[in-house]
Amino acid sequence: QNKAPHSSIFKQHKSKLNTMSIPAPIATGSFLYLILGAALLGLVFASRLTGRLSKDNAEIANVVVIISTIATWLFWLCAWMHQWHPLIKPIYEE
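Heads up: the sequence shown begins at -8 in my numbering, then just goes up one per residue.
Everything labelled a hint here was simulated from the structure, so no lab data went into it. Careful, some of the hints might be misleading.
Said to hold, decoys possible - Label-pair restraints from in silico Cβ distances:
#1 Ile58 with Glu85: 45 to 53 Å
#2 Pro77 with Asn48: 39 to 47 Å
#3 Ile82 with Ser45: 34 to 42 Å
Glycine included, every Cβ here is placed at the ideal spot set by N, Cα and C.
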């Protein structure tokens, strides 16, 4: 019975931390976009090694791949989060 007075506060704080984790679909989707971006950068690197792209064009392609991967990931993330907890719920009339 010799518990510290702050132990119950710590337990409440710890349980609150568990509810604030990143949802699994966001982690999975983000990981897939990371893999997609890495694969596209690998294609640019391979094209540079084979001589299909000049150094300048490979640098431009790297920037395009990075920006487009981030933009599409951000669009997907916004669309997913918008559908996660909708603010407007449909009202069905019978």
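Hint check results:
no. : hint                         : verdict
1   : Ile58 with Glu85: 45 to 53 Å : holds, 49 Å
2   : Pro77 with Asn48: 39 to 47 Å : holds, 44 Å
3   : Ile82 with Ser45: 34 to 42 Å : violated, 59 Å
The structure is inconsistent with hint 3 alone, although it conforms to all the rest.
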